[in-house]
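Protein chains: 2
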Amino acid sequence: MTDQKLLLRALGGETLPVPPVWMMRQAGRYLPEYRATRAQAGDFLSLCYNPELAAEVTLQPIRRYGFDAAILFADILLLPQALGADLWFVTGEGPRLSTITDAAGVAGLRPVADIHETLSPIYETVRILSRELPAETTLIGFAGAPWTVATYMVAGRGTPDQGPAHAFKAADRAAFSALIDRLTEATVEYLSAQVEAGAEVIKLFDSWAGSLKGADFDDFALAPARTIITALKARHPGLPVIAFPREAGARYEGFARAVGADCLALDNSVEASWAAARLQPDGCVQGNLAPRHLVTGGPDLVAETRAICQAFSNGPHIFNLGHGITPDADPENVHRMLEAIRG
Amino acid sequence: MTDQKLLLRALGGETLPVPPVWMMRQAGRYLPEYRATRAQAGDFLSLCYNPELAAEVTLQPIRRYGFDAAILFADILLLPQALGADLWFVTGEGPRLSTITDAAGVAGLRPVADIHETLSPIYETVRILSRELPAETTLIGFAGAPWTVATYMVAGRGTPDQGPAHAFKAADRAAFSALIDRLTEATVEYLSAQVEAGAEVIKLFDSWAGSLKGADFDDFALAPARTIITALKARHPGLPVIAFPREAGARYEGFARAVGADCLALDNSVEASWAAARLQPDGCVQGNLAPRHLVTGGPDLVAETRAICQAFSNGPHIFNLGHGITPDADPENVHRMLEAIRG
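Chains as they are written, first to last, in the working numbering: chain A, 13 to 355; chain B, 13 to 355.
I should point out that these hints are in silico values taken from the structure, not numbers from a laboratory. There could be a bad hint or two in this list.
Examples of chain B residues toward chain A, derived with CB under 10 Å [claimed, not checked]: (1) G168; (2) G170; (3) P172; (4) D173; (5) K181; (6) G222; (7) K225; (8) A262; (9) V282; (10) W286; (11) P303; (12) V307; (13) P339; (14) D342; (15) E344.
FRET-style restraints, in silico, Cβ to Cβ [what the hints assert, rightly or not]: (16) P339(A) <-> A183(B): 34 to 42 Å; (17) R139(B) <-> E351(A): 58 to 66 Å; (18) A246(B) <-> E351(A): 47 to 55 Å; (19) T103(B) <-> D98(A): 29 to 37 Å; (20) D342(A) <-> E344(B): 32 to 40 Å.
Note that the structure is predicted; figures quoted are calculated from it, not measured. For every residue, glycine included, the Cβ atom is placed at its ideal position computed from N, Cα and C.
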């Protein structure tokens, strides 16, 4: 049965006549049914920690669009919360966390073994989804990569240039490395529990990989990804993993092989023709329509969707956006995108 | 005399033991003397159109730091204003313009020949600078590239994804092309007048080049740059030009040759080792320290500055940032950067 799922076939290296498709943030505010369920849950975190409602919003875009994959509804900052950080969301602004800016802060984190106490509702969401998803739909689990999660833990919020994390790294590289190591270890446990609950594929989001250069990229983006993927595959042989070193630019080249990923997710800065020539020979690629097309629609949406399918047609490809769909997207444009892909 | 200027030597293809250096937005709010002069001028636009004060803020960072180049103090949106757009700045938010969203709007622009009426104070600033700069300092004139300027003219403001310009392009490509053509023609006249007033080098800023893909990149980033540079060099033989197709990613490769630029300015997404291997063989490169280092300072600033110098040491290189210096930068950190470069 499993091998009939298109997403798994593409991840296995198969070139398909029509690529499987899903969208980052497909369970999101552009959908009226999502907004209704979120209102029912209360705030964003309450929705994340309510297995029935989190499963419901995960299923909504599958019902509406028949995507080839569902991605667990959760947030990359639940893991730092499970490690002891305070976490809350400010409406219209985004996440806020208690900050960790020195060795004492790192030492004060809870032990990795304790994370499941906080995260068990997430595993329950995965179990519900595993039962309720259609047979042809692949279930993707995910986590933030250690560097990206660390940037929020150090700054206490999102930042345009990840300055506080860079400053911590510059001030005390050993302590910062200890934070990355702790997150790496916790991420393995978190993702492994998702797989045990029923996730069939794992995606590792390194949203801020692009601000790491040279040896920093090697130490804090590449090495943790390799450690996590190696450990996961040792425990769960054959588990496919999608890596997303967002805005890594030229460092995309060779990344999949270096970390042992089955697929590279491409951000919107990556030119499809370049990726087809330089990345696709190493395995599956995923991406990378610009989300604005789902706001503006029109002939450009259809032309660009087809151009991406065409550029990647000679190798394994999963169609996706280069970034999450935005709240102002028109749900009808998603149907138009799917028609352009599936014909 | 001219050939003794380090910046011109690097632009001519010479590999220097110490790279010449300047910073994007070096005349900016991080400097107390800039803030004082701006307060004297009133608002931002009044400063741009006051030749004495605009020259003064251009000279301030040269006096303080001895940079190898001064860049004219102006704004890329003065050109649309000269073409008839209303322009104003909202404090703390940024520029606002009357919008152009269809063929009638494009047709309603003022003739290119009329731009000098508005822009003559800018040429006067260049003339003052040409007289007052030290003999070793190169004077750089600049303009926004047509696509980037068009994104503001269509949206009436800065936008995260340039959606309105993409929508106009999708809805009526002929009218959008007419806007780009008008801007291309006007940019040639504007930059040519800057050169006649004394600018020794021209930099073309395509800040939003990264949101153009495939044929759009060819038509709206590459072709206008080639037209502008070809026309400028025909009128001013030997004029060096720096192109800045920001966030062009893989499209950086071959760009300098394709448009006839002498130098490619690199944004912060570009890895120095990649650029040294793939871009520097075509000519000079400029960049690309992350501006956050001038906020955080410390050993990271010195190490990263030296790493960039080292990566580009086997070819022509101008040291700069990958983006403009930010208002929260510490002016002392600029001295530390210069010490790391010049020893």
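Checked hints:
| no. | hint | result |
| --- | --- | --- |
| 1 | G168 | violated (16 Å) |
| 2 | G170 | violated (14 Å) |
| 3 | P172 | holds (9 Å) |
| 4 | D173 | holds (4 Å) |
| 5 | K181 | holds (7 Å) |
| 6 | G222 | holds (6 Å) |
| 7 | K225 | holds (6 Å) |
| 8 | A262 | holds (4 Å) |
| 9 | V282 | holds (6 Å) |
| 10 | W286 | holds (4 Å) |
| 11 | P303 | holds (7 Å) |
| 12 | V307 | holds (6 Å) |
| 13 | P339 | violated (13 Å) |
| 14 | D342 | violated (12 Å) |
| 15 | E344 | violated (16 Å) |
| 16 | P339(A) <-> A183(B): 34 to 42 Å | violated (23 Å) |
| 17 | R139(B) <-> E351(A): 58 to 66 Å | holds (59 Å) |
| 18 | A246(B) <-> E351(A): 47 to 55 Å | holds (48 Å) |
| 19 | T103(B) <-> D98(A): 29 to 37 Å | holds (34 Å) |
| 20 | D342(A) <-> E344(B): 32 to 40 Å | violated (50 Å) |
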